[in-house]
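Dock chain one against chain two, each of which comes alone in its own frame, and use the hints as you go.
Chains as they are written, first to last, in my numbering: chain A, 31 to 542; chain B, 14 to 522.
Treat the hints with caution; some may be incorrect.
Straight line, CA to CA, 27 Å or less: simulated DSSO-like cross-link-like pairs of lysine-lysine [stated by the list, open to error]: (1) A:95 x A:197; (2) B:120 x B:49; (3) B:120 x B:173; (4) A:84 x A:95; (5) A:152 x A:55; (6) B:475 x A:55; (7) A:152 x A:62; (8) A:151 x A:197; (9) B:172 x B:50; (10) B:475 x A:151; (11) B:475 x A:197; (12) B:172 x A:152.
Note that these hints are calculated values from the structure, not bench results. Model, not experiment: these values are computed from the prediction.
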Amino acid sequence: MNSIFLTALIFAPLLGILVLLFTPKTNVEAIKIVGFLATLPSLVLALIAFWQYKAGAGLEQFAIKHEWITFGNKDLTGEIYGSQVYQPISFELGVNGFSLVMILLTAVLSTLAAIASIHVKKEWKGYFILFLLLQIGMLGVFAAENLLLFFFFFELTLIPMFFLIGKWGYFEKESAAYRFLIYNGLGSAILLIVFVVLFTKTGTMNIAEITAMFTGNSDAMFLGEVSDDLRMGLLIALLVAFGIKLPIVPLHSWMLKVHVQAPPSIVMLHAGVLLKIGAFGLIRFGVGIFPEQFDQLAFILAILGVVNLLYGAFLALIQTDFKMVLAYSSISHMGIVLIGLAALNEAGIQGAIFQVVSHGFIAALLFFLIGVMYERTGTTDIGKLGGLAKAMPLTAGFFLVGAMASLGLPGMSGFVSEFLAFMGLFNEMPVVAAVGTLGIILTAAYLLRAVLGMTFGTKAAGYGEKVVDLRGVEYIPVFAMLFFIILIGVYPSILAQPLQDTINAIILGIGG
Amino acid sequence: MDLETLLSFDWSVMAPEFIILGVATLLSLLDLFLPKKIDRRLLGWLGFASILVALGFLVGMYDKDPMQVTTILYETYRLDSFAMAFKTLILVGAAFVMLMAISYEPKEGLKEYRGEFFYLLLLGVLGAMIMSSSGDLITLFVGLELLSLASYVLAGLRKKNLQSNEAAMKYVINGGIATAITLFGMSYVYGLTGTTNLQEMWITLSQINARDMQYLLVIAFMMMFVGLSFKLATAPFHMWAPDVYQGAPTPVTAFLAVVSKTAGFIIVLRLFVTLFFPTRSAEGSSMLFSMGEFIAVLAVASMIIGNFVALRQRNVKRMFAYSGVAHAGYLLVPLATVNFIFIFEAMWFYLVAYLFMNIGALAVLQVVTAQDDSEDLSRFAGLYQRSPLLAVLMSVFLLSLAGIPGTAGFIGKLSIFVGAISEPTNAYVLASVLILTTVVSYFYYFGIMTQMFFRPAASQEKIHVPVGIWITVFVCALGTLLLGILPGLALDMFGSNFDILRDIFETDN
Chain A
31 MNSIFLTALI
41 FAPLLGILVL
51 LFTPKTNVEA
61 IKIVGFLATL
71 PSLVLALIAF
81 WQYKAGAGLE
91 QFAIKHEWIT
101 FGNKDLTGEI
111 YGSQVYQPIS
121 FELGVNGFSL
131 VMILLTAVLS
141 TLAAIASIHV
151 KKEWKGYFIL
161 FLLLQIGMLG
171 VFAAENLLLF
181 FFFFELTLIP
191 MFFLIGKWGY
201 FEKESAAYRF
211 LIYNGLGSAI
221 LLIVFVVLFT
231 KTGTMNIAEI
241 TAMFTGNSDA
251 MFLGEVSDDL
261 RMGLLIALLV
271 AFGIKLPIVP
281 LHSWMLKVHV
291 QAPPSIVMLH
301 AGVLLKIGAF
311 GLIRFGVGIF
321 PEQFDQLAFI
331 LAILGVVNLL
341 YGAFLALIQT
351 DFKMVLAYSS
361 ISHMGIVLIG
371 LAALNEAGIQ
381 GAIFQVVSHG
391 FIAALLFFLI
401 GVMYERTGTT
411 DIGKLGGLAK
421 AMPLTAGFFL
431 VGAMASLGLP
441 GMSGFVSEFL
451 AFMGLFNEMP
461 VVAAVGTLGI
471 ILTAAYLLRA
481 VLGMTFGTKA
491 AGYGEKVVDL
501 RGVEYIPVFA
511 MLFFIILIGV
521 YPSILAQPLQ
531 DTINAIILGI
541 GG
Chain B
14 MDLETLLSFD
24 WSVMAPEFII
34 LGVATLLSLL
44 DLFLPKKIDR
54 RLLGWLGFAS
64 ILVALGFLVG
74 MYDKDPMQVT
84 TILYETYRLD
94 SFAMAFKTLI
104 LVGAAFVMLM
114 AISYEPKEGL
124 KEYRGEFFYL
134 LLLGVLGAMI
144 MSSSGDLITL
154 FVGLELLSLA
164 SYVLAGLRKK
174 NLQSNEAAMK
184 YVINGGIATA
194 ITLFGMSYVY
204 GLTGTTNLQE
214 MWITLSQINA
224 RDMQYLLVIA
234 FMMMFVGLSF
244 KLATAPFHMW
254 APDVYQGAPT
264 PVTAFLAVVS
274 KTAGFIIVLR
284 LFVTLFFPTR
294 SAEGSSMLFS
304 MGEFIAVLAV
314 ASMIIGNFVA
324 LRQRNVKRMF
334 AYSGVAHAGY
344 LLVPLATVNF
354 IFIFEAMWFY
364 LVAYLFMNIG
374 ALAVLQVVTA
384 QDDSEDLSRF
394 AGLYQRSPLL
404 AVLMSVFLLS
414 LAGIPGTAGF
424 IGKLSIFVGA
434 ISEPTNAYVL
444 ASVLILTTVV
454 SYFYYFGIMT
464 QMFFRPAASQ
474 EKIHVPVGIW
484 ITVFVCALGT
494 LLLGILPGLA
504 LDMFGSNFDI
514 LRDIFETDN
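Bound-form chain B, shown alone (with noise of 0.2 Å):
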């Protein structure tokens, strides 16, 4: 590759991470040379302001013709209408936890770490970005490995807390055991095509007819699942989750409830519609349907195990865990019946619902449990009395997270649902589990409400609320409320200006 080729690219498609790269690397060295005594939060306010710049230009890149897929370093990067919907997402999230993180102030102090926490949270969603922009298997497992690795160093990043320690530990070694997992199935599909290139394959894959290889495209298409099905925390692999959520800090918490599962999913679409879509099972239809109960059976599994153990968790990050693997069943949904019409906007609708909720609650988590290291429910107790609006507006959270109207909860769930039982899928008891589920999740969610509104505080101290995490709570609350009364919005935004499908399988350029 000389230099006329490298220049010839359209770099300017890349600019958002070029700018969350460049500050990363600026925030690093800052943080190494500048003295002592400055604050670090300086470092994570620039970092916020990089992620919103990143913001800026994705979004500016919207208006380009949206028929138009740009790729460039021979497609292994593409910015296509899927890229730019979840990138979008990322950086929402990433905003927010990074606001999260500012604030974030343990019992035993975070100085000397606080620095590289936030250039390790631009490295991480630098990873998500890449994945979510890949075309190439290459680029996607880089991608994943970023996001992981940051992860990992992130989990632990309280050095003196047992639990941090355990946390860190415990997702290394399963997160590396899933990465290998995912890499072999990789291995398969590699092997089957001859390519890296995800265009490439799945041109070649829509050929081969011959029965012989059906049985390879089956292991290739478990083992990435399984592999991923860890990043996503659905069942039965996510038994790191309870232990990881509670030992690392809750910004980091949010993260990987949120931003690193929204890459999750974004890898597993990408790689699974794009692989298996045109491939044809052996009894000639497309192989990703065919797989579809498989992931059905994980998808149950996901709703029940989260739902019903969340009910026994007094610990409240644990349950806030447990509730994620929830959710993650829920996402499945559609991802098993495959109804073409919903798919894309409905589990790219359902991840900004669960963006907005799932960080607000935890936002306010954190300053709950802020003065001692307990996470027990009945720190929640009384919250009312000690601040009405944090209370209120951790109801609303709450009431989007079990999906009652008036919240983008519901909608979310909604178009899950309507997707699920519409015509040609009909599957009927999926949907059902899934609601049915969610009404046992009233229990836990209203549990937290019963123990704000109802219980006396044990000291009506008022709690203090840094600036980063009212931002953070408000905006999530408008967010939370303003697409549950007018989803509108967000589901017109996406309808006119992704065109998912189409995009993935453009082959002229």
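One chain only, chain A, in its complex shape (with noise of 0.2 Å):
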């Protein structure tokens, strides 16, 4: 208890930051090389602790508690509540199986992303500057132990996207950051809601203490009435803040903006990380606080997550524009999520989770992939792009790999998640799960229609003659991100071990 290792691990790119405000704006070189560097900290630090986890060692110490705020303790004669109402909030971090591997899921793409980062175009300073912030918010975000934590981490990667966006973005990169801003502070605020409510039922802001008291697995006595109806209601405003941020269907569409108009290195982030906060807040907060209500919704849930499914899938099998391909497939596999958080049993859990892992590192490199065409081509029209595969046989090669992990090719991580999430639907909902299964044949569909068109048949006229393939640092994140979905794909149980722990404790919660 109370080590400072995961303080210094979430806080490590400050150091960066630190530096970089002494930096000359000139020094381009000396400012890409911080940046880069101050992304590392945080990955040695975390593959040290899944190391030490996979050893056997336990989670507890790397936590640490600190009492931060005290308010609200005096009643009307101004005396201290004998036991007080509210306890101090603290500041808090731990992790536990799945946090850890969300945290190393974010380190490994910080730093794949700062390589990344190289294409971007202006004012490398403040680039950095901002992009260490939003490491900062994302890796404390998984590592928050209370409520009123993990929203500040939550709102720390809202500020720096804004401007991540806004500022280096393409066209219309200003009514893409509003439009984030926007969704994204309405999910938080309620959000928001939901935990504030939270504290003054239960008293306190530790999230395995309300767990615990709405799972009835506490002897401490709420503050007010929870009845079943708010419980819902809560569950309901959880599902929407989180929804937004994952993207469930009819709150999508700030994100396809997001992914088309921020620059590559930040797409990266954002579908690899950003995305799957919300699928880590309904797995930690809806499925873990309100299990009952979560298993009433399931089928609601389940088909939510086939149209996702099936909408992101048909919509991108027409798309002209190969981000938009991506976008549309993001939102189709955010879909395999839901499917297997509502199947609500081992398997399907296991499945989302799975997914959210796996799916951080395809879309990444995907991401990535079009970043280098970009900055080569100038374009992501899939008819304008036609015989990439001679102009660059490596990049067209790769962006297959890529696709087929994607598409769930047997060997590869995509394949494990689909079909875990799959088997747990078809459990629980035969009909629905099977409906699904018909997303699985369009996403082998769009996505080789896609890849195809733009890698085979005669070269197009849409980019010019000195189209140079992957060189140097480029090679680094295509084959650190293809070595962990091959390595997911290959060798399940190094993923599977370590989340046991943490879906043994959802089963449980759910009384299955």
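Structure, rendered in structure tokens:
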């Protein structure tokens, strides 16, 4: 208890920010190197933690707890309550298997996205400061042990994203930034309402204590009445809040804009990590705190999942811009997370979590490649990119591999997650699951159409003659992400084992 | 009152007021007799120093036995923790405003009036201080009028500027009406109780049970609240604010937005908690609770009108006026829900946060709009290129105003929010309006940031930032961030030094 480990892991990028503040704006090389190096300490620490955990070490050793804010403990006459109504809110960080995996994912993708940032064109200093701030926010979300801290980090991702999209994005960057801000701002507003209601009902912000109280595993008394209706209301509010982030279909329009308008290195993080916060929140707070109500909503969630899956896939099929294909593909793949969660059995939840991690790597890989391609050709239009395989054989090849992983080719991470999620759902709702499998076929169709359209055929006139293939540091992210995709694909227990405790805890919570 | 009685009072508790009064007098004399060629800014620095000294004396009084309320002049002047907590706020705010005033340089110059600028500011501060300490309707009213009169003149200080003239005119007329209404309400309470002393009043009122009196009390409550709403600039009594904020010199805008508004909340809290909390309404509950719905309606109206109208403003000062209306709406929420675990703490902390973030933002606004008379949003375009530091600090203030975590504004909103929906009030609707209108406010706060960071600058000319503004901006940014990350610094100080409710209803002395 009370080790500085996690704090150091999360706030390590701060060092980079400090150095950058004192680096002259004109020294571009130094800024890039500092920006990249600053992402490394977190990565190293995350790897160490993961390694130790795999070797059997307990996770409590990383946790930290410090009293932070106290308010509202005086009654009418100014007396401090005997047993304080509201416990002091603590600065508390900790990890379980799931969040450790998410932290590792974040750390890896941050480092790779920092490498991908070589394609950024201007104002590197501001860019990297915001980038590192974003990284702190993302890491913190997964390690927060109480609601306020979770919210704090959650919002911390919002501000740098707004500027990163609005300043370094493409043509419609400002409207994309605003749409991102308002949708996510609304989401976090709803989230805050839920959190504060939970706080006023339980008197604590600690997630574990709240979970214990709501699932009846605690002796502590509620401060106010918590009816079933209220629980259901809170869960639906959570679904909306995290549904915006995930995104669930009617709430998704902001995410398309971000995917298309933001710079590729940021989309890597956005698709790879930020969308996953929605899934993480749904699992941790939705299933964790309200298992009964979640069970009642399971059917609706399964339907929503299938809608996501099919809607995304159908629309991906008719897009002409490769970025849009991938954006809709992300929506489609998040449907699988919902499907797995709705199944509410071991396989389903495992599938959902696997999908969260797997899609993180795959989406990041594909968006990195898009970034490379856009930098060379200046376009992402599928029609203008025909015959890419001749000019950029390696890039084209990797695109194909990425697409294969995405459509769930056995031996790659996508397969494991889809398989588990659908297996889970077939057990509970076979009809819905059967409809959902249609999505898998569509996925194959749209990905192959898009990738083959770009790579094969005659060379289109959409781009110039001097198009060079992958080079230099660009290999690192590609190989690193492919390594993880295949590693999870052929040896899933590298993930399954650390996740098992978390999944057991969830299964225990839902009483199955 | 003979000399002996006069000497028997513990005058030392009025030390901060005496210092301000003394220096204000001194400044007016100096301004009169000093040769024209001497820079009047010296007077400003003298005034600034006097505020700091007064603040020092005030902080020294914290250590007094906290349970002991000192009253002098037959209980018309009280030094209790309520007075100390809020007087601290007023003095800190006034110090910043004074720094802004010293650095203020309008296009047409301010040479002739600079001296009066400073001593009028001090007099306004004195009025606000008397308000926080008054234990009697008369002193309360005198303090209010002193503050108001100083503000009327200050608003019209740029005598050759049309807008400034208009602002002063509007302010005087509206303010006069508001004062009259307040006074009218006060006369009812006086009529019912036969005394102007707040202590005696609440004791008498708490014994009134006759239902006939209820209507008179309700009228008194409404009248006083409506009159005072003017000072708070809450909807629908906010109409003067945009014009006056826009026309007044920027330091005066800051004074009205922060010091004057704080004073408004001080008088509202003092009056209504003292008079109406012990009073039973017709249903038998406390009258303050039963009037909650009335205040809640005003709060909702302020939050909605303030935030939505601010969206349409191109003039930044008007935008801040409407944002001020919205913030006053947030501040009414604890008053509407009267959760006594939270009400003082939440309002005090929010006012602290508001002081730092709003003064900081207006100080930046002052230098950005200094070159010409335009306060258009586009003046902020490309500020990041012209002065990166100023742009970043301005973002801190804007993020805090928007209530983003990591800033004092967030913690302030959070404590209001927690107070509103915790037992037994459960004001979910009010709390939701607060949160959702906050999201609306993102649009215009981020709009300024869009200008600063995304738009190209019209000229690359460096911005000249006077030292007074630098100090203000830095200290305010530090306060905003520090209280956002470690709110305990203020909350614990408040919690351990001040026990307001007990002090207000202390009857032994």
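Cross-check of the supplied hints:
Between residue 95 of chain A and residue 197 of chain A the alpha-carbon distance is near 37 Å, which puts this suggested pair outside the 27 Å criterion. The suggested pairing of residue 120 of chain B with residue 49 of chain B holds, with an alpha-carbon distance near 20 Å, which does not exceed 27 Å. Proximity of residue 120 of chain B to residue 173 of chain B is assessed by CA-CA distance (about 11 Å); at most 27 Å being required, the pair is judged to hold. A hinted pair counts as satisfied when its Cα atoms are at most 27 Å apart, and residue 84 of chain A with residue 95 of chain A qualifies at roughly 24 Å.
Proximity of residue 152 of chain A to residue 55 of chain A is assessed by CA-CA distance (about 11 Å); at most 27 Å being required, the pair is judged to hold. Restraint check for residue 475 of chain B and residue 55 of chain A: satisfied, since their Cα atoms lie roughly 17 Å apart, inside the 27 Å limit. For a cut-off of 27 Å, the pair hint linking residue 152 of chain A to residue 62 of chain A stands: about 12 Å separates their Cα positions. Taking the CA atoms of residue 151 of chain A and residue 197 of chain A, the gap is about 11 Å. The hint holds against a cut of 27 Å.
Restraint check: the Cα-Cα separation between residue 172 of chain B and residue 50 of chain B comes to about 21 Å, which is no more than 27 Å; the hinted pair holds. Taking the CA atoms of residue 475 of chain B and residue 151 of chain A, the gap is about 25 Å. The hint holds against a cut of 27 Å. A distance of roughly 22 Å separates the Cα atoms of residue 475 of chain B and residue 197 of chain A; the hinted pair therefore holds under the 27 Å criterion. Between the alpha carbons of residue 172 of chain B and residue 152 of chain A the distance comes to roughly 47 Å, so the proposed pair goes past 27 Å and is violated.
In summary, the numbered hints that this structure violates are 1 and 12.
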